[in-house]
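With the hints as extra help, turn the sequences into a complete structure.
Read top to bottom, the protein sequences are chains C and S.
Here the first sequence is numbered in our numbering, starting from 1 and rising by one per residue.
Here the second sequence is numbered in our numbering, starting from 1001 and rising by one per residue.
No lab work stands behind these hints: they were computed from the structure.
Ideal placement from N, C-alpha and C gives every residue a C-beta, glycine not left out.
Any given hint could be a false lead.
[What the hints assert, rightly or not] FRET-style restraints, in silico, Cβ to Cβ:
(1) S:Ala1133 x C:Gln50: 40 to 48 Å
(2) C:Gly136 x S:Leu1128: 26 to 34 Å
(3) S:Leu1107 x C:Lys132: 44 to 52 Å
(4) S:Leu1107 x C:Asp115: 29 to 37 Å
(5) C:Asp102 x S:Ala1151: 30 to 38 Å
(6) S:Ala1060 x C:Pro148: 26 to 34 Å
(7) C:Pro148 x S:His1146: 36 to 44 Å
[As the list claims (entries may be wrong)] To give an idea of the interface, some chain C residues facing chain S are shown, with a C-beta separation under 10 Å as derived from the structure:
(8) Ala30
(9) Phe43
(10) Ala66
There are 2 protein chains.
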Amino acid sequence: MRRTTPFVVALCLSATALLAQDLTEEQDRALTARQAHMGLYGFYLTPLGQMAQDRIPYDADVAAAAANNLAAMAAIDQSAFWVEGTDSSLERSRARAEIWTDPDGYLEVKQGMADATEALALVAGDGLDALKAAFGPVGQSCSACHQPYRAPAN
Amino acid sequence: MRRTTPFVVALCLSATALLAQDLTEEQDRALTARQAHMGLYGFYLTPLGQMAQDRIPYDADVAAAAANNLAAMAAIDQSAFWVEGTDSSLERSRARAEIWTDPDGYLEVKQGMADATEALALVAGDGLDALKAAFGPVGQSCSACHQPYRAPAN
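The structure is reproduced here in structure tokens:
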């Protein structure tokens, strides 16, 4: 497997360059950055969700760190992510045009996630019951954005 | 080009799966997350560096937002990124073993970046001279971590 890796990596770099061909550098960077940001939401949400659903044991330190990090990421100004011309008409994007045509609505749900994750961060280390109670609104804040602003998977 | 895209995407997903074969899910997720986090550093550093080097015009709002976001990301607890077995012996990783054998040193340079980016965030919107003065220590904080803790590119 090790011997095929350089070839596979080179092929993927070429493919990435090919897929990026239609985009400006600014569009490409914004798309990559927001997908990285969303990926980090997933990274921090995973242990919190697994604890909330009793799939892994509750760990106060892990829960508190993940919730603090999630809240810090959710509080970040994300306006630089939404460069014009990077909506779901592109293969790489699931961002509905409504993000651009309804910016106030988008900002409202974005603030909803910031509020819900901040509330979770305040209690995530205080026991499983507290985590479970505060995790629900975080999950709802995901849906509140994905439903209106994320297109179905290709 | 559009017609080749699904094939290329499928190939890359297979390649990614192949490259991830040797790792546990936890290791794979940690590697992906920390590379996303580093990529976001780059996303926010780029306009700041371009302004500091007079390559793009100074824009107080853009500078302040990028610097605030960079400082928020640098302040994040990154301990979940450094899962054992994800050092530069892997193709996907440039993390030197010293991250694990010298955790205090790593935490010190990590704090150095948090401090330098916080100082930058405090002044990035106050004019180009202020930005330039505060950007230097941020660049130095990158090197202060990369030199001891990042292996050369493969």
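Now the hints, each set against the structure:
no., hint, verdict
1, S:Ala1133 x C:Gln50: 40 to 48 Å, "holds, 45 Å"
2, C:Gly136 x S:Leu1128: 26 to 34 Å, "violated, 46 Å"
3, S:Leu1107 x C:Lys132: 44 to 52 Å, "violated, 32 Å"
4, S:Leu1107 x C:Asp115: 29 to 37 Å, "holds, 31 Å"
5, C:Asp102 x S:Ala1151: 30 to 38 Å, "violated, 46 Å"
6, S:Ala1060 x C:Pro148: 26 to 34 Å, "holds, 32 Å"
7, C:Pro148 x S:His1146: 36 to 44 Å, "holds, 41 Å"
8, Ala30, "holds, 8 Å"
9, Phe43, "holds, 4 Å"
10, Ala66, "holds, 7 Å"
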